[in-house]
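Asker: So that you can map any letter, position 102 of the sequence shown is 102 in this note's numbering, and since no number is skipped, the others follow by simple counting.
Some hints here could point you the wrong way.
[Said to hold, decoys possible] What follows is a set of in silico ranges between Cβ atoms, one per label pair, in the way DEER data are often shown:
(1) Glu309 to Leu281: 46 to 56 Å
(2) Leu281 to Ile209: 26 to 36 Å
(3) Phe239 to Ile313: 26 to 36 Å
[As the list claims (entries may be wrong)] Result set (EDC-like, lysine to aspartate or glutamate): computed pairs, CA atoms no more than 16 Å apart in a straight line:
(4) Lys285 to Glu124
(5) Lys24 to Glu34
(6) Lys316 to Glu134
(7) Lys24 to Glu6
Honestly, the hints are just simulated from the structure, not real lab data.
Beta carbons are placed, not taken as given, at the ideal position from N, Cα and C, and that holds for glycine.
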Amino acid sequence: MNLRKELEQIEEKVLSPLAAKSAKTRGRQRPEKECPVRTAFQRDRDRIVHAKAFRRLKHKTQVFLSPGGDHYRTRLTHTLEVAQIARTMARALRLNEDLTEAIALGHDLGHTPFGHAGEAVLNELNPAGFRHYEQSLRVVDFLEKEGKGLNLTWEVRDGILKHSKGKGPILPKDKAQLAATLEGQLVRVADIIAYLNHDLDDALRGNVIKESDIPKECLKVLGHRHSERINTMVKSLIFSTLKADDGELHIEETVIEAMDRLRDFLFARVYEAPCVYGEMLKAKKFLKELYFYFLENGLPWEKSSIYDEETSIHQKICDFIAGMTDRYALSLFEKYFVPKPWPF
1 MNLRKELEQI EEKVLSPLAA KSAKTRGRQR PEKECPVRTA FQRDRDRIVH
51 AKAFRRLKHK TQVFLSPGGD HYRTRLTHTL EVAQIARTMA RALRLNEDLT
101 EAIALGHDLG HTPFGHAGEA VLNELNPAGF RHYEQSLRVV DFLEKEGKGL
151 NLTWEVRDGI LKHSKGKGPI LPKDKAQLAA TLEGQLVRVA DIIAYLNHDL
201 DDALRGNVIK ESDIPKECLK VLGHRHSERI NTMVKSLIFS TLKADDGELH
251 IEETVIEAMD RLRDFLFARV YEAPCVYGEM LKAKKFLKEL YFYFLENGLP
301 WEKSSIYDEE TSIHQKICDF IAGMTDRYAL SLFEKYFVPK PWPF
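Work the whole structure out from these sequences, hints included.
Answerer: So, in structure tokens, the structure goes:
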């Protein structure tokens, strides 16, 4: 009995013709024997969940640095919320849920400590620049398993690399900006649906903003409650896409406009708020100090066996710092820069 083949046959019968089928994957970087139980995309999802980089996400900042409360989002809870939203939409559209979940769970593996503050520092100091989505791909291709990587399928790797949109359009017309699969494109949208809503929720919890501060036009279109806003965005994508039936993802224009306005509001009133931005500046300063320290003194994490001679010290430093949790980065800063009393 080969359960994997049965599952692949079920995919052919049940999933949309537009869905990516695990039996038709473009393959892995290195050929390997197929599993008799799990499909290729199931194996990718499982490999990501068991990765060290995935476990470290629980101690990486989403927006609020080292929050005192237990209910603020971390990079891990953000990832889980993205996966949940993406799977809901994938199931409704009869797309491949396993592929969708694998991309969602892996999309932020390369994110730095202290959120986008850390990313900005590495991008500034590394001559080659730094982008977290490229680092996420580097994690699964190379850094995990002592330089062997996870050997994921092409579709998952493509989705991880193409998930980020920054301040750009949620659904850009330029197809080169999008993942090749609809599953990868879904994760891109799920990512922004997740952070728009949970960052707003955390900002309200932290008294950074009040409910009355949220643009009324956004509340009118999206809803007044956290769950209602997520539901509005998710349903708009599902039903607009089903109605168009043209092989592309769609969201109602009024909902897109409300999402864009809400994103602008978060940048202006939350991400750049003095109480948030001030802490980000502190994080940037001490990460810069760590970067320059490693540049001058070398790395304590010198896994020379995984690098070739052409790998620059800047790349090694980026790998090291990007892999840190917030608390590990703080502990290293204290170790190298905070004076300690002389033992008597």
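Asker: So, for every hint listed, does it hold in this structure?
Answerer: Evaluated hints:
{"no.": "1", "hint": "Glu309 to Leu281: 46 to 56 Å", "in the structure": "violated, 37 Å"}
{"no.": "2", "hint": "Leu281 to Ile209: 26 to 36 Å", "in the structure": "violated, 20 Å"}
{"no.": "3", "hint": "Phe239 to Ile313: 26 to 36 Å", "in the structure": "violated, 52 Å"}
{"no.": "4", "hint": "Lys285 to Glu124", "in the structure": "holds, 12 Å"}
{"no.": "5", "hint": "Lys24 to Glu34", "in the structure": "holds, 13 Å"}
{"no.": "6", "hint": "Lys316 to Glu134", "in the structure": "holds, 15 Å"}
{"no.": "7", "hint": "Lys24 to Glu6", "in the structure": "holds, 14 Å"}
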